[in-house]
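Make a model of the complete structure from these sequences and hints.
What follows is the residue order along each chain.
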Amino acid sequence: MTQPPAIMFDRVVYGIGDLRAEFSFQRHPGSVTAILGPSGAGKSTLLNLAAGFLVPDSGVICMDGRSINGLPPSGRGVSIVFQDNNLFAHLDIRTNIGLGLDPALRLDQPAWSTVDKALERVGLAGFGRRMPGTLSGGERQRVALARAFARRRPLLLLDEPFDGLGPGLAADMLGLMLEIRAEVGATVLMVTHDPDEARAAADQILFIAKGRIAADAPSDGFFERRDLPELDAYLGSTGET
Amino acid sequence: MLTRTEHRAARAAGLAALLCIGLALAVPVLVLVAQGAGTGLSASQGEYLLRITRFTLMQAGLSTILSLATAVPLARALARRPAFPGRRWLINLFAVPLGLPPLVAALGLIEVWGRNGIANKGLGLLGVETPFSIYGLSGILIAHVFFNLPLAVRFILPGLERLPPEYWKTAANLGMGGLSLFRLIEWPAMRQSAAGAAGLVFMLCATSFTLVLVLGGGPAATTLEVAIYQALRFDFDPGRALMLAAIQVGLTLAVMLGLKLISAPSKPGDTKGGSTSRPDAPHGLHALPDAVLIGVAGVFVGAPMVAVIISGLQADLSRLLADPQFWRAATTSLSIGVAAALLSVLLAGLLVRARYSAADRSASPALGLLSALSGAASSLTLLVPPVVLGAGWFLMLGGGVGQMLAPLAVIVTVNALMALPFVMRVIEPAHLSAMQRNGRLSLSLGITGFSRLWQIDIPALRLPLVTGFVFAVALSLGDLGAIALFGSDRIVTLPWLLYQKLGSYRTSDAAGLALLLGGLTMGLMLAADRLGNRNGTTGQ
Chain A
1 MTQPPAIMFD
11 RVVYGIGDLR
21 AEFSFQRHPG
31 SVTAILGPSG
41 AGKSTLLNLA
51 AGFLVPDSGV
61 ICMDGRSING
71 LPPSGRGVSI
81 VFQDNNLFAH
91 LDIRTNIGLG
101 LDPALRLDQP
111 AWSTVDKALE
121 RVGLAGFGRR
131 MPGTLSGGER
141 QRVALARAFA
151 RRRPLLLLDE
161 PFDGLGPGLA
171 ADMLGLMLEI
181 RAEVGATVLM
191 VTHDPDEARA
201 AADQILFIAK
211 GRIAADAPSD
221 GFFERRDLPE
231 LDAYLGSTGE
241 T
Chain B
1 MLTRTEHRAA
11 RAAGLAALLC
21 IGLALAVPVL
31 VLVAQGAGTG
41 LSASQGEYLL
51 RITRFTLMQA
61 GLSTILSLAT
71 AVPLARALAR
81 RPAFPGRRWL
91 INLFAVPLGL
101 PPLVAALGLI
111 EVWGRNGIAN
121 KGLGLLGVET
131 PFSIYGLSGI
141 LIAHVFFNLP
151 LAVRFILPGL
161 ERLPPEYWKT
171 AANLGMGGLS
181 LFRLIEWPAM
191 RQSAAGAAGL
201 VFMLCATSFT
211 LVLVLGGGPA
221 ATTLEVAIYQ
231 ALRFDFDPGR
241 ALMLAAIQVG
251 LTLAVMLGLK
261 LISAPSKPGD
271 TKGGSTSRPD
281 APHGLHALPD
291 AVLIGVAGVF
301 VGAPMVAVII
311 SGLQADLSRL
321 LADPQFWRAA
331 TTSLSIGVAA
341 ALLSVLLAGL
351 LVRARYSAAD
361 RSASPALGLL
371 SALSGAASSL
381 TLLVPPVVLG
391 AGWFLMLGGG
401 VGQMLAPLAV
411 IVTVNALMAL
421 PFVMRVIEPA
431 HLSAMQRNGR
441 LSLSLGITGF
451 SRLWQIDIPA
461 LRLPLVTGFV
471 FAVALSLGDL
481 GAIALFGSDR
491 IVTLPWLLYQ
501 KLGSYRTSDA
511 AGLALLLGGL
521 TMGLMLAADR
531 LGNRNGTTGQ
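If you read the protein sequences in the order shown, they are chains A and B.
Numbering follows my numbering, in which position 218 of the first sequence is assigned residue number 218; successive positions increment by one, without gaps.
Numbering follows my numbering, in which position 174 of the second sequence is assigned residue number 174; successive positions increment by one, without gaps.
Worth flagging that the hints you see were computed from the coordinates, not collected in a lab.
Note that the structure is a prediction, hence the values are computed from the model and not measured.
Using N, Cα and C, we set each Cβ at its ideal position, and we do this for glycine too.
Any given hint could turn out to be false.
Calculated from the model, a selection of chain B residues having no Cβ within reach of chain A, i.e. all distances over 10 Å [what the hints assert, rightly or not]: (1) Ala95; (2) Leu141; (3) Pro289; (4) Val466.
Selected chain A positions facing chain B (Cβ under 10 Å, derived; list incomplete) [claimed, not checked]: (5) Ala51; (6) Arg76; (7) Ile80; (8) Gly100; (9) Ala104; (10) Leu105; (11) Gln109.
Structure below.
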């Protein structure tokens, strides 16, 4: 292998209540992985472990071949977008993005123009002085993407970011996310519960059930597979196919 | 949703309630004015008034600063550590001072901080020669912080805990730590509740009576309230009492207007605790400052309560319980408490109903006024503190000594008015949600008037009504302010008995009595809290 994997989980164990989650997988730089599975299976746990919000009981998480176990969330080269509350509601849009460049908000002129460019990039030029509450849900998620764009971190984690936006808007946002990913050159791990979203955006799938990776495969033809009982149950229960 | 007749009845009843409250407040004030009007003000008296006013403001200001300066970092530390063992217990402990009779707390504080208390022994071991004195300004400040630090924390903490968990994850992800997190996220979430808490604490400290009476009271450490009491009870100087009362009312009015300006939150919110993880909080050794702060605050608040329990258990409780004097005082206290609570719940119910009715069609200015007045009625009682109220009635009754029924009625009224804001706060939201749920249905079924009141509305409000009632009983049981002016050989309540035992250095009896009184009021408060919580889960 010429290049170390962008992100690697090596027997990463984390206990949540009765469930013992254990994950091992790796991803090439620039890949887009959809993380699917029934609720409570451990999808968000995986993301939280990668982000550093949770500390594994054992195992190693590596980025670019180096262990990031001991690094704080801010030292890992990670940007993250949640389903909701990505923006601090009492701070205006510029400040929310600016915090992504310097957490103490000591920004010089070039940094502020980076902020404005990021806003422009997601189609929200001139929104800088507005408060998050005056924006629609979709616009707020655009701002969150703009912050990830401005930060240019190598790993982008998405936790059902386009959920609740409606199918058309979600597809637009997915497109925007893919463009931004390409411009930044980031590796993406995206939790979703929408097989269509996974099909459209991801080249890889991680299917998680009961705290285990039940399937780790390319997305092409994945949803046509019939050899995974968990997948059958999942797709059947969501009624998506 | 009320019928036309019901609207009319609700407003009429509300107006009547307002009138009663107005009379109860206005009569004593008028009497004070009438009695004191003739007396002039000598230069030495002016100086005295100035000194008392200055001390009142100074101790209230210092108490507020000390309470808030501790409460803000403490709330921050508690929000940052959502899962340490005993956290729930500590938060519950912080609710106790809210319901603890000040006199009982004063006793516990004397046990801990007094000449022979643990605090001074500790200081002695550290080589500090002069013992710390619980009497005077330092004692008043400690007592006020004991009561108001937990109160302020309970105001401020929910604001932080209400922030969505994504905030803390984002903060951790972006690397916002320490100062920038405080400046940009935590302080904005605390600012409003902290300002509201500061106003409230200042108000409570400026009108604090019992604590200053017990711990201060000397010429150097007297507040307006205690000075009013002294003027009437010891010197029988209505002129001086009037001047003091006028200053007191002016002061509270100014503070209340200030509070309105910063729109104080109306009550300490609920803390959920334990659910939101804080990945932004540093762990290991970095958690030490938080741990120390939380530990010290826990000991500071908990120690006096533990002291009350320990010294109370050491007292001869069986002898105390066999003493007919105790049972007479307990009976008097409970009778006053029950009467005051009934009155308070009745007034609150009428006001809440009238407010609802007036808000329903708030187009007319008269109804707007009714709504505003009904809402303000509860705070009016804060404006005219119990001692001032009592002072007016005291003068009207000609000193009150030797009479029985009239002073009792005054004490009941004053206690009922004191509890009114709290009782209204319990009933109002429940009434609103009951109306939203049952209003249309009742109308469509044609259940109106009294039958609706008895069959629908009161049963739906049973739990909050009982909660308010129990709370009002507990508040009245612990009150010394109203009884202080009227207490005599014939009217003895539990706090009055305790105060007498303290005054005559019957320390062991006082300790036992404090435990009994504290246990009783805390039991009632706990019951009210339980009921209130049950109401919260089933009522929505």
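Comparing the hints with the structure gives:
no.: 1; hint: Ala95; result: 28 Å, holds
no.: 2; hint: Leu141; result: 34 Å, holds
no.: 3; hint: Pro289; result: 18 Å, holds
no.: 4; hint: Val466; result: 38 Å, holds
no.: 5; hint: Ala51; result: 6 Å, holds
no.: 6; hint: Arg76; result: 9 Å, holds
no.: 7; hint: Ile80; result: 5 Å, holds
no.: 8; hint: Gly100; result: 6 Å, holds
no.: 9; hint: Ala104; result: 4 Å, holds
no.: 10; hint: Leu105; result: 7 Å, holds
no.: 11; hint: Gln109; result: 20 Å, violated
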